[in-house]
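Enquirer: Sequence:
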Amino acid sequence: MYYEHQSKQVQVERIYNRMIVDEIMRKGVKPPFDFREELDLEWAGHPNWYFRISKFSIPFLKHECVPRTWFLDELDAVPDDRENYLLKPLYSFAGVGIKFAPTDTDIARIPAERRHEYIIQERIAFEPVIETPHGLTQAEIRIMYIWLDSDPKPTPVLTLVRMGRGKMMGVDHNRNLEWVGGSAGMWVE
Numbered sequence: 001m002y003y004e005h006q007s008k009q010v011q012v013e014r015i016y017n018r019m020i021v022d023e024i025m026r027k028g029v030k031p032p033f034d035f036r037e038e039l040d041l042e043w044a045g046h047p048n049w050y051f052r053i054s055k056f057s058i059p060f061l062k063h064e065c066v067p068r069t070w071f072l073d074e075l076d077a078v079p080d081d082r083e084n085y086l087l088k089p090l091y092s093f094a095g096v097g098i099k100f101a102p103t104d105t106d107i108a109r110i111p112a113e114r115r116h117e118y119i120i121q122e123r124i125a126f127e128p129v130i131e132t133p134h135g136l137t138q139a140e141i142r143i144m145y146i147w148l149d150s151d152p153k154p155t156p157v158l159t160l161v162r163m164g165r166g167k168m169m170g171v172d173h174n175r176n177l178e179w180v181g182g183s184a185g186m187w188v189e
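Residue numbers (this note's numbering): 1 to 189.
Note that these hints are calculated values from the structure, not bench results. The hints are all genuine.
In silico EDC-like pairs for lysine to aspartate or glutamate, Cα to Cα no more than 16 Å straight-line:
| no. | residue 1 | residue 2 |
| --- | --- | --- |
| 1 | K55 | E117 |
| 2 | K167 | E83 |
| 3 | K99 | E83 |
| 4 | K167 | E127 |
| 5 | K167 | E140 |
| 6 | K99 | E117 |
| 7 | K62 | E122 |
| 8 | K55 | E122 |
| 9 | K153 | E189 |
| 10 | K167 | E122 |
| 11 | K99 | D81 |
| 12 | K55 | D73 |
| 13 | K99 | E122 |
Have a look at the derived ranges for each label pair, beta carbon to beta carbon:
| no. | residue 1 | residue 2 | range |
| --- | --- | --- | --- |
| 14 | K62 | D149 | 22 to 28 Å |
| 15 | P67 | V129 | 17 to 23 Å |
| 16 | D40 | P67 | 39 to 45 Å |
| 17 | G182 | T103 | 28 to 34 Å |
Just so you know, these numbers come straight off a predicted model, no measurement behind them. All C-beta atoms in this analysis are idealised placements derived from N, C-alpha and C, irrespective of residue type, glycine included.
Construct all of the structure, not just a fragment, from the sequences and the given hints.
Expert: Right, dumping it as structure tokens:
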């Protein structure tokens, strides 16, 4: 793979990937290559890696700080207090396809053979605690950890703070509002 710079072809040796597959598909973006091809380059975050660490992992995590989550096809019945739960497609980004307080009709619309592609997740209540010039704003803090061969403990390497005032975080769900969106966080040990 090459790109042109000052009338010369320069080989692409590494790609940092932060592509959101379903957004690319929704917007009809046609990259000049196919991400599924075997390319002679190194990926810094391969497009498939997201699926290994995101929503798919949550049902396996059992901790007081992790919302209770089940694969839809493994759940005998959705809890009665549905207002406290979300139905989420596994392979979707930016809140697309999330159903708050899923109904029997919402669940029935999902064919049985595709229910393994969805989770039922306990809803988290975000509290507006950050003072801004436009009033209190709620925040979600995400931390990316890596495991180094030399250290068995995970090492935090990246923080993302998402701020919003709506039911969901992210720019798409807080349009026309100020002091919302993505930010960075710092921690001190």
